[in-house]
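Enquirer: In case you want the letters, here they are:
There are 2 protein chains.
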Amino acid sequence: MIKMQNSKFNFKIIEKDNKTMARAGRITTFHGIVNTPAFTPVGTKATVKGMTPLDLKEIGAEILFGNTYHLHLRPGEDTVRSFGGLGKFMGWDGQTITDSGGFQVFSLGQKKIKITEDEEETEAKLVNIKEDGVEFRSHIDGSLHTFTPEKSIEIQKKLGADIMLAFDECAPYPSAKEYARAAMERTHNWAVRSLKAFKSKDYYSWQQALYGIVQGGIYKDLRVESAKFISNLPFDGIAIGGVSVGESKKEMRDVLDWVSPFLPENKPRHLLGIGEVDDIFEAIERGIDTFDCVIPTRFGRYGMVFISAPEGNLKNKFRIDIKKSVFAKDKGPLDKNCNCYACQNFTRGYINHLFRSSELLAYRLASYHNLYFIVNLVKKIREAILEGRFLEMKKKWIG
Amino acid sequence: MIKMQNSKFNFKIIEKDNKTMARAGRITTFHGIVNTPAFTPVGTKATVKGMTPLDLKEIGAEILFGNTYHLHLRPGEDTVRSFGGLGKFMGWDGQTITDSGGFQVFSLGQKKIKITEDEEETEAKLVNIKEDGVEFRSHIDGSLHTFTPEKSIEIQKKLGADIMLAFDECAPYPSAKEYARAAMERTHNWAVRSLKAFKSKDYYSWQQALYGIVQGGIYKDLRVESAKFISNLPFDGIAIGGVSVGESKKEMRDVLDWVSPFLPENKPRHLLGIGEVDDIFEAIERGIDTFDCVIPTRFGRYGMVFISAPEGNLKNKFRIDIKKSVFAKDKGPLDKNCNCYACQNFTRGYINHLFRSSELLAYRLASYHNLYFIVNLVKKIREAILEGRFLEMKKKWIG
Chain A
1 MIKMQNSKFN FKIIEKDNKT MARAGRITTF HGIVNTPAFT PVGTKATVKG MTPLDLKEIG
61 AEILFGNTYH LHLRPGEDTV RSFGGLGKFM GWDGQTITDS GGFQVFSLGQ KKIKITEDEE
121 ETEAKLVNIK EDGVEFRSHI DGSLHTFTPE KSIEIQKKLG ADIMLAFDEC APYPSAKEYA
181 RAAMERTHNW AVRSLKAFKS KDYYSWQQAL YGIVQGGIYK DLRVESAKFI SNLPFDGIAI
241 GGVSVGESKK EMRDVLDWVS PFLPENKPRH LLGIGEVDDI FEAIERGIDT FDCVIPTRFG
301 RYGMVFISAP EGNLKNKFRI DIKKSVFAKD KGPLDKNCNC YACQNFTRGY INHLFRSSEL
361 LAYRLASYHN LYFIVNLVKK IREAILEGRF LEMKKKWIG
Chain B
1 MIKMQNSKFN FKIIEKDNKT MARAGRITTF HGIVNTPAFT PVGTKATVKG MTPLDLKEIG
61 AEILFGNTYH LHLRPGEDTV RSFGGLGKFM GWDGQTITDS GGFQVFSLGQ KKIKITEDEE
121 ETEAKLVNIK EDGVEFRSHI DGSLHTFTPE KSIEIQKKLG ADIMLAFDEC APYPSAKEYA
181 RAAMERTHNW AVRSLKAFKS KDYYSWQQAL YGIVQGGIYK DLRVESAKFI SNLPFDGIAI
241 GGVSVGESKK EMRDVLDWVS PFLPENKPRH LLGIGEVDDI FEAIERGIDT FDCVIPTRFG
301 RYGMVFISAP EGNLKNKFRI DIKKSVFAKD KGPLDKNCNC YACQNFTRGY INHLFRSSEL
361 LAYRLASYHN LYFIVNLVKK IREAILEGRF LEMKKKWIG
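As they're listed, the protein sequences go chains A and B. Quick note: the first sequence uses this note's numbering, first residue 1, plus one each step. Quick note: the second sequence uses this note's numbering, first residue 1, plus one each step.
Heads up, a few of these hints could be off.
Claimed, not checked - With a cut-off of at most 20 Å between alpha-carbon atoms, the simulated SDA-like pairs for lysine to any residue come out as follows:
| id | chain 1 | residue 1 | chain 2 | residue 2 |
| --- | --- | --- | --- | --- |
| 1 | A | 329 | B | 77 |
| 2 | B | 331 | A | 329 |
| 3 | A | 395 | A | 21 |
| 4 | B | 88 | A | 328 |
| 5 | A | 12 | A | 28 |
| 6 | B | 379 | B | 257 |
| 7 | A | 220 | A | 176 |
| 8 | A | 88 | B | 341 |
| 9 | A | 329 | B | 70 |
| 10 | A | 379 | A | 11 |
Hint data in this document are derived by calculation from the structure and do not stem from the laboratory.
Chain A on its own, in the form it takes in the complex:
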């Protein structure tokens, strides 16, 4: 059955900051709305680690990010589809976005392994890149798979997220310019093919939108070329890839400075894989509407919990290591300005004890707090944009 394509998908800018490119807007999808800027918690395998959908609602999340690579391998897109798509499968009635699978194919394929103390060698090649697509081996059982733009779109249609991403190649960091150009050109070809596949096939009863992805590594001319190319295609939104693999925060800012002038203002912009406090301010300042990142839950599981300004600052990266013995007798909350369930009900001392005892509740409370912290920081930034005090707020947090 063919349905109207993304007839509901819509992006509206509500307020623009008059000193920066920051903007507050609203994305409307088949399932509801996302008030932007918005942080997108990552639920790699159809679960945001340790969190229930109810937790995510309480936290204030409006959209979740799933990973096509992982869901394809387990439980498989046909299983997810048979349960009614990604949202229904995981019990989440909000909005969803899936990536194309490309990032995991490449990043897991290029994993290095230690041979001796001093030597590193690339693992038996798990990935084989061709112009048509990518052959790779499952990190679970070694089975051989192929992703092409058409295959990625087919899988994502079955997963049924509100927003899908075009298949792209995220080149490793650092890449020589020659390689970065070749990867970008493949990404452009694959973008055209992703769009074609997107428009030519059934919607499986749900309505979806498709974003194109800007690549080009750390090379200004490539990034500009990519921004122009992707912007000229009829995507519903634009994602910017390849900035989370870099090593410096300056590179992320540079890339955003280069590409932003060439992106269509009326389309939502998603930044892939970014989620630290200062990066969030810098990205929003450069016109980013949504971003996803595993940092809140991953850091949470390691006991790295976010703290707000002024206790939190660039030097301590807005976080403390709650496992440290200095917190064992601390009767204060993780963050004294936070209204989350963990901060309202538990002490640093207790959570320190939970981590030292490797208790499941440790990971749960720290992940909950970190997600609440980041989701609500972005909500507060949105309010600041609406009230014309974005730079004032940014200054208070990161100077």
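Dock chain B against the given chain A, drawing on the hints supplied.
Expert: Quick look at chain B alone, frame taken from chain A:
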């Protein structure tokens, strides 16, 4: 500061079954009430694994069980006390009970280790039992500790649970009668000393009750002797120990049949370490008011989830292994008669996926369901006793 001892502690029988020893009652402690029979979730290290106190309230738990041995080693009773006692430390405003530490000292001290495929040898002796008390090494860092009745009571007073247990020796299973008698006699001496320590020392600003523990292994005359001895002491309640270490369910029933006639009817009776569906019915039938067990959360983490009659029965032990591939596409809830959050919001297929992906949410949902299942099964048994249909309900469940 010396306070009135357990002035608030009170046990009232509300209804007795007229065909069995089953009874519905109410324990009143300093913190509130426990409607009995009641299942007591175990929070070994000041956390019921994976659960928040809010979850436990939702589930309907009224009392939690903490382990003195673990809390003494980490974070230490002085730390717990400085946070306001066990309940405040873990954010739980309901009732609490702590054991004496004896069970863990002995069970961890007697751990066997595999030497070869066929040989077993007792590990370098971690425990040294004397008439005065027990010397043991921490399973965390090997440090040397001594528990005496006085020390156990001092620790438990600092932990501040509503109900404490006298220090006892839980003899290994099987024990020769001679050893079982010696251990029982030590337990009796230690019971007298526990009571004396309980009455002679400060209450640290909270009011607590103390239960004595009946031991005696699998020997009828010893169990009867122990039941009489402990019943004659001015304890607030009676616990029955050493039945969870046996190998057969018949032994548990036998022990309860032997001791029940000698227990004072007006004191609450706690059965230590029991928590399977059939055992719960059998124990309540024999006059048990409360029991604790790690089974709901431990089984939950292994993916063994409880199912109700008639799908659940003695043969399948009222549980399924949700990890099995047969459940991968199952769109039903874990248990179709269950009203818990996990059963109302997620499918067996999804939870199967979470287990296969080793996701934290798997352990959380299965633990939540299992606790809800057992706590509410016992609540339903209570209703059945109040309405004069205990045996009818028992027959429906276990024939």
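Enquirer: It remains to establish, for every hint, whether it holds in the given structure.
Expert: We went through each hint and held it up to the structure:
1. A:329 <-> B:77: holds (12 Å)
2. B:331 <-> A:329: violated (46 Å)
3. A:395 <-> A:21: holds (16 Å)
4. B:88 <-> A:328: holds (15 Å)
5. A:12 <-> A:28: holds (8 Å)
6. B:379 <-> B:257: The hint is violated at about 23 Å.
7. A:220 <-> A:176: Since the Cα atoms of residue 220 (chain A) and residue 176 (chain A) sit roughly 13 Å apart, the hinted pair holds (cutoff 20 Å).
8. A:88 <-> B:341: holds (15 Å)
9. A:329 <-> B:70: holds (18 Å)
10. A:379 <-> A:11: OK: residue 379 (chain A) and residue 11 (chain A) at ~17 Å, within 20 Å.
Consistency with the previously given hints fails for numbers 2 and 6, ordered from lowest to highest.
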